[in-house]
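Undergrad: One letter stands for each residue in the lines below.
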Amino acid sequence: MAMHKHLYNVGAILKGLSITLGMMFKRKPTIPYPSIRKQHAPRFHGLHELRRYDDGKERCIGCELCSIACPANAITVIGAENTPEDRHSPGERYAARYEIDELRCIFCGMCEEACPTDAIVLTPRFEMSDYRRGAFIYGKDRLLVPPEGGVGSPPDERPGGIPADLGGVAQTKSTTDVASGYDATFNGAKLKTERKGLAG
Amino acid sequence: MPIWLVVLVKSGILLFVVITTFAYAMLAERKVMGWMQLRPGPNRVGPWGLLQPAADAAKLMLKEDLMPRTADPLIYRLAPFLSLLTAFSVYAIIPFGASSAGTWAIGNVNAGVLFLLAITSLGVYGISLGGWASGSKYPLLGSVRATAQMISYELAMGLSFIGVLILAGTTSLDGIVNAQQRLWFFIPQFVAFVVYVITAVAETNRSPFDLVEAETELVAGFHTEYSGLRFGLFFIAEYVNMLTVSCIASLLFLGGWNAPFGWTWVPGIVWFLLKVGFFMFFYIWLRSTLPRFRYDRLMAFGWKVLLPIATLNLLVTAVVVAVWS
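Heads up: the sequence lines are chains A and B, in that order.
With the first letter of the first sequence counted as 1, position 59 gets the number 59 in our numbering; the numbers rise by one all the way through.
Quick note: to get our numbering, add 200 to the position in the second sequence (first position is 1).
Here chain B stands alone, though its shape is the one from the complex (with noise of 0.2 Å):
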């Protein structure tokens, strides 16, 4: 098969299994959650709720779309697109599995992580552009929100990399798997890996760091004037975004594919898919329990707090790695 068949077909197996994922991880959160505030959560469609995301898909589908009178019609169309674009095109580099066992990933990059934080930096783009562009006080507010936010904790984000980077000695992400094969980073990282989570939470605008929605301030933020399957594509970004913040979480600290206690008779995916299914569970879990944090909270707690961590982090692990080779 000539190569640009195979990527084509990967692409379209992954579109279809991530879409998928997204629709699930949905119902799971509205399940979760629900359990956790002693209620059964949706389940009326289908049995225990399973065609939930199907009712919600047709609903945003036959939305009316509409448009502020005051909004800037081109970027305000595209912002809901470019969201989702950056929030796909991740899952071009992330492996499912060694390499060396084959097809599991669409490309392998050797730079993966520097292409992965270009990549989900670009993502705010979608919600500040959305959000100045519907030309509306409260989107506005939102996309500022979400601009300061993100400067704020990438740097601590890209820190907490560099410390696993530098006990892989690679920038690839199949490279850096492998190189967990006898002890998962989370271990000697643990302080990037706490950093790491934290960050993650923040860079995808999830509770308790959702200040970019904020419903009780902001109506709902940078997509209030949204409806229909424009808003749905932002819904979709998000959730897209956690599922690619998760595996990257895997991938970088919790071995990626390697199973844990030399249990190898359980095949790779399956322990990749298992720590990824871990993170979003917390991500609920850590929904329904926090509330949202105070924004010059949040801003101090990324700059006076996780900065310096991370950073000295970094330091201690550069000296301990440089030390001992």
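In isolation and in its complexed conformation, chain A is listed as follows (with noise of 0.2 Å):
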């Protein structure tokens, strides 16, 4: 009956008994998300942003290369004409219409690299759910910082990121906080920024 198999095999449940019962009492690594937020990378890949200029001029100059560098054809611009009655950007064009299928966005950040003015940048906002699919085309109403909005630094400012010499943009109007890389409208929620006893 090969008893001493099952005595070996009784020895092992009682090591695994022991091992779960010993995890009952660990502190949970789980974030209580709603509540409590976790402090992501500074760098993190969220909703994009359109920026103004501190004056109020939005940085867009309806160029596409951001469409063009787009490797999901998620952004859709349509440039016009500044005239001096409606002028919109300082350069001579500006995005008419500037379109980001949300769905469709990868979130890698070429659009952010491909922009010659660091019009379109990627913030860390990322709670975008809803119930239709037409909310997730974001068009310049919500992509656009309002003229009013909050100062921000770049990504490639923001701690831990690269500096960049790109001429004033530290004077950029964003909705990003400067000191910690979050979302600066965002001020609901705790922030959890210590990463003591947190799995992985």
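Each hint should be verified, as a subset may be incorrect.
[Claimed, not checked] Which residues of chain A face chain B? A partial, calculated answer using Cβ under 8 Å:
#	residue
1	ILE13
2	LEU17
3	THR20
4	LEU21
5	MET23
6	MET24
7	LYS26
8	LYS28
9	PRO29
10	THR30
[Unchecked claim] Derived DSBU-like pairs: lysine-lysine, alpha-carbon spacing no greater than 30 Å straight-line:
#	chain 1	residue 1	chain 2	residue 2
11	B	LYS504	A	LYS15
12	B	LYS259	A	LYS28
13	B	LYS263	B	LYS337
No lab work stands behind these hints, which were simulated from the structure alone.
Glycine residues also receive a C-beta, built at the ideal position from the N, C-alpha and C atoms.
Using the hints, build the complex out of the two chains.
TA: Now the structure itself:
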């Protein structure tokens, strides 16, 4: 009946039971997400943002380089000429329409790199769920920082980023918090910054 | 009060208690399993997740009651009730305190253990018929497994009872507990106790013997086709059965409401519930530790290991008792 084999199995089972019992009293690494948020990487790729210059002018010049660079074909730009009466950006042209399909977007950041004026950037915001598909096509109404929008730093100057001399970008209007790299418009929840006890 | 009214009131109270226990046993299972897997477990509904059972009940009740076209309508609809009925009817004879103390059991049957065995064996009919009547292959496989598993473990379980019966000299549950006033039976009948605990897990189709549901192989086994409240009834039956075998283990092997170390200042019911609670915890503990048995090994284990051990234990007990007295 090979009893010794079964006895060995009993030992293994007891060992397994002791492990699970020990785990039961360990500290749990779970972060109760909506009430406490984990600090993410400073250069996290989240929702896009079209930024403005300090004087309120749009940085985007409607060159469509982002649209060409986009590997997912998520960006549609339709440019138009600035006129003295209707001036949106300092250059000759501006984006009359600027749409990003966030469902197609793979958040690679190529648009950010392609942009010659640092107009399009990826913010760390990631909570964009909605009930309708159409709601994921973000137009200028939602991408563009409001004229009175918060002050922030471009991704290259966030903590941990590579500093770059991009000519006056530090004075750019953005909604990203300079110090934490976190969404500055969000102030509802506590931020979990320490990483002690986190698994993996 | 007329006797029927007393029985009715007691049944009502017990039904409420058992259903509530089921609800919180389910929550406790999810919590404890969560902790053992380094998760916090359900904690969104109510403080500390305490209203989770209510949310689950509401969800199950509001879900659509589906039936496959190939199903046998009458038996398909009846099976969950059968499962639940047998699960609950055991509580007609389970004593929660000494009969000398009065009103702790609905009925004090002098052949209590036999009644227990009979009723708990009937429980498999709900599973078998439910799986059979679903008219679909995974439930059928589940129900076939349930039947085979029941036969192979029922025998060892019955044999493990007999050792206790020989020591107690009675088949009444009350008498068995009273016989354990000096020494709980899990010490002289340790082998029978181990065999019982293993077979009890198999009997209630719980992990690691949950081949009847076996998610990885059989989708959900016998209740694959069930939804809504009918699935809920199977669910309740499973947990009530867990509770039942925990009660039996406490009564037969851990001295029921007898206090350990002579600490009689704590009421007997508390001791009884503590013992039952320990077994419930043990179930959950086992589930979050062990992987599922392979089917042929389950059969081999039942027939080639548990049955011989239980028989041997019975023989030794019988000889020792005969020589002693």
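Undergrad: Taking the hints in turn, state whether each one holds.
TA: Going through the hints against the structure:
1. Proximity of ILE13 (chain A) to chain B holds as hinted, the smallest CB-CB distance being about 7 Å (cut-off 8 Å).
2. Taking 8 Å as the C-beta cut-off, the interface hint given for LEU17 (chain A) holds, the closest approach to chain B being about 5 Å.
3. Annotation: interface hint on THR20 (chain A) holds; nearest CB of chain B at approximately 4 Å, less than 8 Å.
4. Residue-level restraint check for LEU21 (chain A) holds (minimum Cβ-Cβ distance to chain B is 7 Å; threshold 8 Å).
5. With a cut of 8 Å, the hint placing MET23 (chain A) at the interface with chain B holds, because the nearest CB-to-CB distance is about 5 Å.
6. Using the Cβ-Cβ criterion of 8 Å, the hint placing MET24 (chain A) at the interface with chain B is satisfied: the shortest such distance is roughly 4 Å.
7. Interface restraint check: LYS26 (chain A) against chain B, minimum CB-CB distance 6 Å, threshold 8 Å, status holds.
8. Taking 8 Å as the C-beta contact cut-off toward chain B, the hint placing LYS28 (chain A) at the interface holds, the least distance being around 5 Å.
9. Nearest Cβ of chain B to the Cβ of PRO29 (chain A): about 6 Å, under the 8 Å cut. The hint holds.
10. Taking 8 Å as the C-beta contact cut-off toward chain B, the hint placing THR30 (chain A) at the interface holds, the least distance being around 5 Å.
11. For the hint linking LYS504 (chain B) to LYS15 (chain A), the alpha-carbon distance of about 24 Å falls within 30 Å, and the restraint holds.
12. At roughly 28 Å between alpha-carbon atoms, LYS259 (chain B) and LYS28 (chain A) fall within 30 Å of each other, so this suggested pair holds.
13. Distance hint between LYS263 (chain B) and LYS337 (chain B) is fulfilled; the C-alpha atoms sit about 24 Å from each other, no more than 30 Å.
Consistency note: the structure conflicts with none of the earlier hints.
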